[in-house]
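2 protein chains.
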Amino acid sequence: MAKSKKFVYFFGGGKADGNESMKNLLGGKGANLAEMAGHPKLRLPVPPGFTITTEVCAHYYKNAKKYPKELDGQLKAALGRIEKLLGKNFGDSSDPLLVSVRSGARKSMPGMMETVLNVGLTAATIPGLIRETGGNERFVYDAYRRLIMMYADVVMEKAAGIEPADDMGIRKQLDRMLGERKKKKGVKLDTDLSAADLKELCEQFKKKIKEVLGKSFPDDAMEQLWGGIGAVFSSWQGKRAIAYRRIENIPDIWGTAVNVQAMVFGNMGADSATGVAFTRNPGNGDAHFYGEYLINAQGEDVVAGIRTPAPINENSASEHNRQEATLADKMPAAYKQLFDIQKRLEKHYRDMQDIEFTIEKGRLFMLQCRVGKRNGPAAVKMAFDMYKEGLITKEMAVTRVTPSQLDELLHPIVDPAAEKTVKVLAKGLPAGPGGATGQVVFTAAAAVEWAKEGKAVVLAREETNPEDVDGMSSSVAILTARGGMTSHAALVARGWGKCCIVGCSSLHIDAAAKTITVGGETIKEGDWLTLNGTKGYVYSGRLPMVDASKENQILSDYLAISDKVRKLGVRTNADTPDDAARARSLGAEGIGLFRIEHMFYGKGSDEALFLLRKMIVSKTLEERKKALDELFPFMKKDIKGTLEAMAGHPVTIRLIDPPLHEFVPHQAEKIRELSEALGISVEALEKRASSLRESNPMMGHRGVRLGVTYPEITETQARAIIEAAAELAKDGKSVKPEIMIPVTCAVEEIEHQREIIERVYKDALAKYGLKKLELLVGTMIEIPRAALMAESIAGPAEFFSFGTNDLTQMSFGFSRDDIGAFMPAYIEKGILKYDPFQTLDQTGVGELIKIAIARGRKARKNLKIGICGEHGGDPESVKFCHRVGMNYVSCSPFRVPIARLAAAQVVVEDAAKKKKK
Amino acid sequence: MAKSKKFVYFFGGGKADGNESMKNLLGGKGANLAEMAGHPKLRLPVPPGFTITTEVCAHYYKNAKKYPKELDGQLKAALGRIEKLLGKNFGDSSDPLLVSVRSGARKSMPGMMETVLNVGLTAATIPGLIRETGGNERFVYDAYRRLIMMYADVVMEKAAGIEPADDMGIRKQLDRMLGERKKKKGVKLDTDLSAADLKELCEQFKKKIKEVLGKSFPDDAMEQLWGGIGAVFSSWQGKRAIAYRRIENIPDIWGTAVNVQAMVFGNMGADSATGVAFTRNPGNGDAHFYGEYLINAQGEDVVAGIRTPAPINENSASEHNRQEATLADKMPAAYKQLFDIQKRLEKHYRDMQDIEFTIEKGRLFMLQCRVGKRNGPAAVKMAFDMYKEGLITKEMAVTRVTPSQLDELLHPIVDPAAEKTVKVLAKGLPAGPGGATGQVVFTAAAAVEWAKEGKAVVLAREETNPEDVDGMSSSVAILTARGGMTSHAALVARGWGKCCIVGCSSLHIDAAAKTITVGGETIKEGDWLTLNGTKGYVYSGRLPMVDASKENQILSDYLAISDKVRKLGVRTNADTPDDAARARSLGAEGIGLFRIEHMFYGKGSDEALFLLRKMIVSKTLEERKKALDELFPFMKKDIKGTLEAMAGHPVTIRLIDPPLHEFVPHQAEKIRELSEALGISVEALEKRASSLRESNPMMGHRGVRLGVTYPEITETQARAIIEAAAELAKDGKSVKPEIMIPVTCAVEEIEHQREIIERVYKDALAKYGLKKLELLVGTMIEIPRAALMAESIAGPAEFFSFGTNDLTQMSFGFSRDDIGAFMPAYIEKGILKYDPFQTLDQTGVGELIKIAIARGRKARKNLKIGICGEHGGDPESVKFCHRVGMNYVSCSPFRVPIARLAAAQVVVEDAAKKKKK
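From first to last, the protein sequence lines are chains B and C.
If you're matching positions, the first sequence starts at 44 in this note's numbering and goes up one per residue.
If you're matching positions, the second sequence starts at 44 in this note's numbering and goes up one per residue.
Treat the hints with care, since some could be wrong.
Since the list gives no way to pick out one identical chain from another, each pair is judged satisfied if it fits inside one copy or across any two copies.
In silico DMTMM-like cross-links for lysine to aspartate or glutamate, where the CA-CA straight-line distance does not exceed 20 Å [to be verified]:
{"id": "1", "residue 1": "LYS84", "residue 2": "ASP606"}
{"id": "2", "residue 1": "LYS893", "residue 2": "GLU834"}
{"id": "3", "residue 1": "LYS228", "residue 2": "GLU246"}
{"id": "4", "residue 1": "LYS872", "residue 2": "GLU791"}
Honestly, the hints are just simulated from the structure, not real lab data.
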């Protein structure tokens, strides 16, 4: 006869059928209970119990909620082992065993599934338990009351599929009865109710249940147990659990396990307690045992927050609980045992553990252990410390911090505690991470003015344009009603590491009236707003900030570990010497994108912008050349400063990219100013501006197309770059300029532009008396056709840099400024899993990238390949770049640390995958 | 000893070293001379001569203008054979042989290269020739005068690389001397000069040459011959020849051959003549021998047009030359011989021949024969007639007409003769072929009004929009200053087969002032303009038209031959029952693109457009559904009519594609009207319109994105289509509707839309009591990502139709409305060889198409694949579609004949290529 399948895994008494590696089968909780109970190096005091596997859950759903036939026998055998170990019997009237029934999926789903405690209390077992607890009738009826309430709610209502009207759920009805009873007695706390009160209440509860649900509360221990198990399995397909799995990408087929475990009680008097602890401080990462506990309490009381938990030791004390006695003082023996156990656990698991314990009449029990959650700063500190302590390898260290945890260290954020207390006013796209709070203004001019008066301002605009840049720079945050993740506002803010929310379409921003209206509420100029730019949430009013963004030695030490692991280079997108220096300090190994045109956006760019505008409105070649000559020194200065700041690291300088009309002023006043300054009529200027207007500027006269139609514009830029480099080289400085041609679609464009650049190069060598100057000429790959033609393009192009913003736009046919109208519906309806402007579309756009890399390297074996789109700072996209064999990613200065980390993590992940195979 | 290479090919006396198949080696002229002279079935009276091969030309350029050493001996041997045949000797003083030296490349390059006649006349040979011509001194000195003029120009100046200032070329100087001489004598024609005059002039010429060029005119026959040969080879690299080759895509390495041939003279008196003839009438294709001749003249005189040539027979007479005697009358024997020869030639070559002949003292000589050029109507008639006569196969017939010749039959055109006499006012993009002339107006309203008064109007607009459609329809032609080949104006005009020129950027169209200014000229309302929409030329004033567009039985008979040859289906893009019927009459086998939204553009669409606008400005789902319900009958009516008109042929109906805001009125007055009609405020309407505004509408909220965000819009359309089909099916009519989803980028979009369509389908079956209805659901492939994801998309999509307009836009990142700013520079600088919106880019966009086809058919083996972009009517693109395995192309009704022809031609071309391999 074939051996029947094992569905029940026992643990307890220093033994266990399972272990920590069996999370898929036993769930996280069950696997860790087995490990703690049974591993030879641990054998901790875990109340005995057993785990019903996730395979039973799968069976249950595949077979119309029926269990495998072997389950009943295996369960009874396991229950028997508990009874034997504890000398108590389940459903026994003299010394009854009570059990808890808890869920436990592969991944923790906190609060999403059901639990039933105190299972086994019946008319028959209650007297025995009272006797065994030394006549503690109040304790027993309180336990019974809790069982009835939980069971009625979880098993008899929810698992039965009953969906009562609001406020008519059985739990709410029973709660109200409990409240009325307290009111009648004139007391406030549950604990103020007497044994008699509770006993009477239990009877009333049972009557109510029969009345409302049409069934009686079961008075049979075994029936209670099966009911609890069924309820846990049912809760896997509960609405909350399903919604949570969608968000967390947990597959439905995983299923949950069920843990049945002997009850222990922290609420048996002053010698009992219950608590939660961490092997290190999860709030800051300090390497001290840290936790809270409550005397005479059950686990749920610690979480409920009715009583203030006390610190387990001095290191755990805070201003809120400093006056309370520590566990170390109150129960030194139990504390010492607990302290030793947590040491062993951390060493065993090689990570910080989150543990739950209960002390029943002085005796310590371990109820749970799992890898503890931690915030960003703590994650970084722990990973670095553990690496230093030799507890973990460098590969483990780099996987211990998530990119979003790292992000917490790079920006001030809204205090999470404060954020929980307020209502979200509006949601938009999280364009610039971090948090900020300020007074709202509606024009760039007002932003500049108010900021001068020392006020913190949030600039709210329908959408921004280059004329707003001064105001944006003066604001602590930027908020727009229109635009996507790569709209003007988003790009500028991200480059500065500034908090920004865009595309917040529920806002009606009326700049003329100086109001924002949203859902009936009206916000006026000067009102306070708080923005969580990491989530895209806008709050009314002023919330406190938490700032972890200061110079941080641990952070740089930690990132240095990543640098040892990663293979991918990390550069930055920077447009000024200041940006370059900042990016260097964050670990950038070069500049992957220096946008010449950005010198016309920033502060103090008035004169350069004026000259640019003069160039744009030039009608003849001569006029244009003259304006370019005047522009030349401005270009050279910025480029030279940046090359110098990068101290010999490569600097990729992109030739002017946006359509020229983007630089022509839109406002009547500005147009008049410009026309006067240029000495031409407003009409002539408007005519010129309107002749530059385009239906789809993103696919219009821009990038290399400008360079082909106006070769003199390319020539001036090339001259600025090469002469800046030549002057530095002449001074003995190391420089590595790389000229990048944007918006290429055909090799002939590169050939045309190279000819100009090579001519300028030769002239510059002669002018500066140099023999050679290190210089590469390459191209953006941002047009689908360029990706397909990569083999020919790699002939004259010495490097590729993927412009994934545009490549995504063209590949999807999505204008990034206009996706607000349909992207939310696309995500909501599951047509796209994510916004491809945030995370690279690896199947579609990614295939073009793979094609381009393969073809490019076919023509030029050592072709240098990078990415300079916004995706260069997105962790998943960084990993993709590593996997397809790029040489580097380039991202905003503030994303450089994240890219360094992600580039290291992918190495570890891929090694693990390879090993698995 | 190895046999030395053959560089010289002799012909004459019924023999020839070469033949017609050796065009690559002997050039076209040389190969045909050899064929005529030597082919056993021809052996025509060709003056003997020889051809120096194109390999000598290649050698000449590879070896610093040196000839292969064998050439001299071979040339002398060949010359000897001529001398022997004719009994005359080159350079001989008693009976001298004169020769002509002519170029002859593989492909005819008319007028691009040089010729020297009468070579061999020297002081020594002149007396002998005078004697041999019976003392015809005037004839001999005229021949000498011509030799000197040609030789000085071609050999001594051009071939020597001398580039004189304007008007100072030696030819011009000698021409002036000739003119002065005539003036002095008081005569007008060269022929009025006496032998003495000419003799004196020759001496003066030689003096002048020595003076200007510093060298003497050579008085040695052999030196003259080598000079002439060198000049012909030199002219291969002359500026005109190089420019011509660039335009005609003729490779430089082909080189030219040189033909040296004994001179015969049509100018030896009244018994001599020269002429040009065609085996059929090249102007209308009539199967009659057709030609012109001149008594006592040389070949160049026929072309020069100083004397009016006479018709060779009655069939060749026109109103200009009807009074002249025919060759048949004047020289019946020679004519009869010529007539027989041309019959044999046509039969031999199986195509209409263009022949040159000379009659010297009653004796007929054939100087050239080649395939004759013909106009469109003639080409069609000849091909059809020859096929009927059994002269050619059906495969040959389909290659005998070029697509542009066919196009001549499909539109009225500007009379080419008249066009030559006027200056081009402006050039734009040829958006709608054919010609038109009319009075210019500047608004759609004026166009409608003037047209009602019976005037022919040309509507000139900066650019057009849907509100102009009535006016466009009322005009004979449309002219815009902005926009590309697929701008609104171009698309609409092409759909109607209307003459249209767009992107004519040199025009300043001022609608307010009702003027066009261009290069200093001002055109006012009511002035006449003539447009050649095939070339994109605009003329001031009123030019006559030639109309070949009427019902044409020969055309349909001819195209029926194509249908026998082609494999590719040809459908049409049609949006109304009328269009559908017209396309059917032109041979369309179905509709490949019926644009639902076009019902809102056309005439009489006011009510539907109003309802659409109502739908667009709806704020709630209910409002929108109500508006859609009102729209429904309009949609159904058009669709039903079209399905019926196509009588069981498939009709692909595309769901609404353009961004909704395209339908919102722009003019203040129209906005007011709409707001009143809708009962909402102008402000509210403007707010809604502005919220729909997009930065890059081409990549915005359009196509399936509308269907995903507003499923009710898809539902109404699906219902209109399916119920229209169901009603016809119920009446026993055959219908094949195909619903096409536009702008797809992901399979999930199709799945989402299919669900709606399938629901509607089931409802309709139930409603009409039908069991089944033939219906396909497929998608446009017009987004690069869709091409890459074709395998998954072909899951739910039952057919693909390539939207190559958008696919080209996205692949290149070119907005078709904005390319005017750079496309001319791109073409001019050779960065692109052609506008990819006119002819499909086979390497880039074409690769995406190939990928999509391969992947699509991987998932669905018999996937039906077509194209419905503008390229579906471009011959080269049609051929591509055949080659990549599409099932059909779909194009404007007026392009259907061209697509049928091109689809047949590609079959023949590919078979020939295969055979060659």
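Right, here's what the structure says about each hint:
1. When the C-alpha separation of LYS84 and ASP606 is checked against a cutoff of 20 Å, the pair qualifies neither within a copy, at 35 Å, nor between copies, at 86 Å.
2. Proximity of LYS893 to GLU834 under the C-alpha cut-off of 20 Å is found in both arrangements, the shortest distances being 12 Å within a copy and 18 Å between copies.
3. Proximity of LYS228 to GLU246 under the C-alpha cut-off of 20 Å is restricted to the intra-copy arrangement: shortest distance 17 Å within a copy versus 144 Å between copies.
4. Within a single copy, LYS872 and GLU791 get their C-alpha atoms only as close as 43 Å, which misses the 20 Å cut-off; across copies the closest is 9 Å, which meets it.
Of the numbered hints given earlier, the model fails hint 1 alone.
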